[in-house]
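J.: In case you want the letters, here they are:
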Amino acid sequence: MLRDALLVAAKDLRVEWRSRVLINQVAPFTLLIVVLFGFALDADTATLRDTAPGLFWVAVMLVAVLAVQRGAAIEAADDTQQRMLLSDLDPAAVFLGKAAGLFVQLLVLEVMLTAAVVVLFDVSVGEPLLMVASSVVATIAIASAGTLYGVLAVGLGVRETLLPILLLPVLAPVLISATRTFGDAFDRVDADGWAWLGLLGTFAVIYVMIGMLAYGVLLEES
Amino acid sequence: MVEPFPVPSGFMAATIELSGVVTLLGRFPALAGADLKVQAGEVVLIQGPNGAGKTTLLRLCAGLLRIEAGTGSVLGHDLVEERVTIRRRVGLLGHATGLYDDLTVEENVRFWARASHADVDGVAAALDHLGLATRLHDVQVRKLSAGQRRRTALATLLVRRPELWLLDEPHATLDQEGRDQVDNLIANAAQAGATVMLASHELERVSRLTHRTVTVAGGLVVGDTGSRGGDVDAS
Amino acid sequence: MSATAAPAPETDSPTIVTGTSSRGTRALAFIIAVGVPTLLAFAFFISPEDDVQRDAVRLLYIHVPIAIMTYVAFSLTAFGGIMFLYKGSRWWDTTAYAAGEIGVVLCGLTLITGSIWGRPTWGTWWEWSDVRLVTSLMLFLVFVGYLAFRRIPGDPTVRARRAAVLGLIGAMQIPIVRFSVEWWENNTLHQSSSVLYGKLENMTLFTWFLGQIVVGAIFLYLLIHRFRVAWMEEEIETHGLVGALEERRAEALVGVEQAVGGTVEGRISAVKDV
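Residue numbers (the numbering used here), protein chains in the order written: chain A, 1028 to 1249; chain B, 9 to 243; chain C, 8 to 281.
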C-alpha cells in the first residue's frame, strides 16, 4: 500500500512540477498576503513581531485552500477521479499519496513564507526546533484535512466557494495551536509551545486516520 | 457470488446478467428496468438514441453505479455487494479520457498501468499497438489532438488486459487510421477471450465486428438480435 | 442462486398528511407551554441571587441547558451519520440532518445568551482566550458548513454519506479541543461546573434541573417536527420516482422507432408490464 501511496504522491508532484502553478501563481500570492498585512497594520515593529505568528498561519490557511482547490481541479479536469475508482488502488493509499503530495507543496510554501515573515516583520526565532517541528506537524494536519475536503470539492454541483467554508472552521484548532507554538518559538508569548505541539500532533494523527478510513466513502459517485 | 445457471448447451456463467435494473442519476431513472444477458467472449453493440441510457449501462456494468432496484451481476460478482471487485476486472472507456494533461503519453500509461498493478513491461507494447510509440510517447497530453488522447486512453486500458471491455463511442474523434486500430483492438480482445460491449452510432463499421446488437431506449433494452450461440433470454 | 436484490422503490401510497403533529408532540407542547413560564418565573424571580454574580446568574438557567442541548444535538448528528454509514437506513440520515439543523440554531442561541451574560460579568461581549467560547463559535461555523453542504443538489445517497463524514469530523474534534486545552492551559473565564461539585443550594439546583427539562423538551419537540418535515420532503421526491419511471419508459416507445426505424424484434410489451 505504501508503494501505491508513493505512486500517487509522485504523480501529484510531477504534475505540479510540470505545470508550475504553485510556484508561479500561489507563491507570489502568499508573499502578497504578508505584504498586505504589513500595509494594513501599519504598525511599529513590536506589534508586527507580536502578530507575526497569527498572520503567518492565516496566510498558510488561505494558501492551503488554494492548493487544495488546485489539486481538486486537476482530478476533475479529465475525470481522472473516475479512473481512480476503476483502478486497483486502495482509497486509503490514494489518500496518503495525495496528502503527502499536498504536504510537500505546503511545506515549500511555508519555508518561503517564513523567510518573508522573518525579514519583513523583523522576527527573531528563539527556538527554531520548535518552529520547525510545529510547522511539520501542523502541515500534516492541514494536508490531511485538505485532501479529505478536497475530494468533496470535485463533485458535481459543488462550487469552489464551498471549500473554504468547510475546511477553514475545521482547521481553526490547528490555527490556534500552531499560532501558540510559533508565538513561543518567537519568544513573544508566555505559552508552553511544546504542549500545544502535542495538541497539533493529536489532530495530525486523527485527520490522517479519518482520511484513510473515510476517503473511500467520499470517492464514490453513486 | 452468482451460481451459474444450468445451461444445457454448456456455456459458462454469463459475463453480464441484468434483471430489471433501475439506476438513478440523481433523481432521474437513467435505467428503468434493464434486462440483459451477455456471455463470455461475445462482442455486443449497444445502440440507441441519445439519452437512451447507453452510457449509464456501460458505467453500471463497470461497477460505478448503484442499483436502485432489480438484480445484476458482472463477471460473477454481484452488482449490489461487490462493485469494487468488478471495477478491477473491467476496462471502461468513457467520454472523458481520464488523463493528466501535464504528463506525457508514456507517463500517463505508465501511471495507470501501475495503478492497476498491471505489468509495466506491457506499456511499450500497448503504446505500439496504438501507434503512439514513436513520435508521441513523450509529448504532453495537453498538446495532443482529441483523437490522440482517445488512443492514449485506450492504451491505458490495453495494459490492464481486462476481461470485459466497455467502450463508449470508441471511434469518436478518431481518424481512419485510429478507427482501424480500434477495430484491431476489439478483434484481438475478442480473440483472446475477452467480452466486449461497445456503444456506438457507427453501425456499418461496427456491425462487421459484433455478433449481436442490443437496442436501448428510455432506459430499457428494447431490442436484441440475439447472441451467436443459444437463445437470448431477455425477460 | 439469485444475486442479492436491491430493495424496490416504494409504491405510491394514498395517505394524506395534514401536518407533523402527533399525540407525542402535543404532549411535549403541553409540557413546554407549562414549563417555560414556570422556568422563567423561577429563574428570574423565585430562585435566590448568587453571591458573586447577583442577577446575572439568572440567564445561566437558560444558557447552560441550551449549551448542553447543543452538544447533544451535534452528537446526535455525528452518531446518526455513523449509523447511516453502517446501516444505510434513511431514518438515521434524516435524524442526523434534523439534529444538525436544530443544533445550529441552539448553538447560535448559546453564543448569544452567553455573550449577554458575559457583558456584565466579564466586561466584554466576547473574549478570545476563553476555550469554550471559541470552540462554540467554531462548532457553529462547522455545522453551518454542514448544512450548506447538505443543500447541494445531487444524488441524495452519496450526499448523505459524505455529509455523515462531515458531521463526524466536525463533532468529534470538539471534545478533543475542549478537554485538552483545559488540561494544559487553565485559561477560561467560564465558571467550572458547579453542579458536579455539589455546591448549589436547593432552590438553585431545582431551577437548574427545571431548565434542563424544559429546554430538553423544546429540543425534542423541534427535532421530531423537523424530522417529520424532512422525511415528508424526501417522500415527495421518492414518489416522484414512480412517475419518472413511467415517463422514462414511455420514451422507449418513441426511441425504438427512432433508433431502428421500423423493424423491431419487440420487447415493447415489457414496458407495459413493469
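Among the clues, some could well be false.
Stated by the list, open to error - EDC-like cross-link-like pairs, simulated, lysine to aspartate or glutamate; straight-line CA separation at most 20 Å:
#1 B:151 x B:114
#2 B:151 x B:110
#3 C:94 x B:114
#4 B:45 x B:90
#5 B:151 x B:90
#6 B:45 x B:183
#7 B:151 x A:1106
#8 C:94 x A:1248
#9 C:94 x A:1247
#10 C:94 x B:89
#11 B:151 x B:183
#12 C:94 x B:171
#13 B:151 x A:1105
In case anyone wonders, no lab produced these hints; they're calculated from the structure.
J.: For every hint, state whether the structure bears it out.
T.: Going through the hints against the structure:
The hinted pair formed by residue 151 (chain B) and residue 114 (chain B) meets the criterion: a straight-line CA distance of about 14 Å does not exceed 20 Å. The suggested pairing of residue 151 (chain B) with residue 110 (chain B) holds, with an alpha-carbon distance near 9 Å, which does not exceed 20 Å. This hinted pair does not check out: residue 94 (chain C) and residue 114 (chain B) have alpha carbons roughly 44 Å apart, beyond 20 Å. Annotation: proposed proximity of residue 45 (chain B) to residue 90 (chain B) holds, straight-line Cα distance about 18 Å (limit 20 Å).
Between the alpha carbons of residue 151 (chain B) and residue 90 (chain B) the distance comes to roughly 38 Å, so the proposed pair goes past 20 Å and is violated. Under the criterion of a C-alpha separation no larger than 20 Å, the hint pairing residue 45 (chain B) with residue 183 (chain B) is inconsistent with the structure, at around 33 Å. Distance restraint check for residue 151 (chain B) and residue 1106 (chain A): the Cα-Cα separation of roughly 18 Å lies within the 20 Å cut-off, and the hinted pair is therefore satisfied. Among the hinted pairs, residue 94 (chain C) with residue 1248 (chain A) is consistent with the structure: their alpha-carbon atoms are about 19 Å apart, no more than 20 Å.
Of the pairs offered as hints, the one joining residue 94 (chain C) and residue 1247 (chain A) holds, with about 17 Å between alpha carbons and a cut-off of 20 Å not exceeded. Simply put, residue 94 (chain C) and residue 89 (chain B) have alpha-carbon atoms about 14 Å apart, close enough for the 20 Å limit, and the pair holds. Of the pairs offered as hints, the one joining residue 151 (chain B) and residue 183 (chain B) holds, with about 17 Å between alpha carbons and a cut-off of 20 Å not exceeded. Pair hint residue 94 (chain C) plus residue 171 (chain B) does not hold up; C-alpha atoms about 33 Å apart against a cutoff of 20 Å.
Proximity of residue 151 (chain B) to residue 1105 (chain A) is assessed by CA-CA distance (about 14 Å); at most 20 Å being required, the pair is judged to hold.
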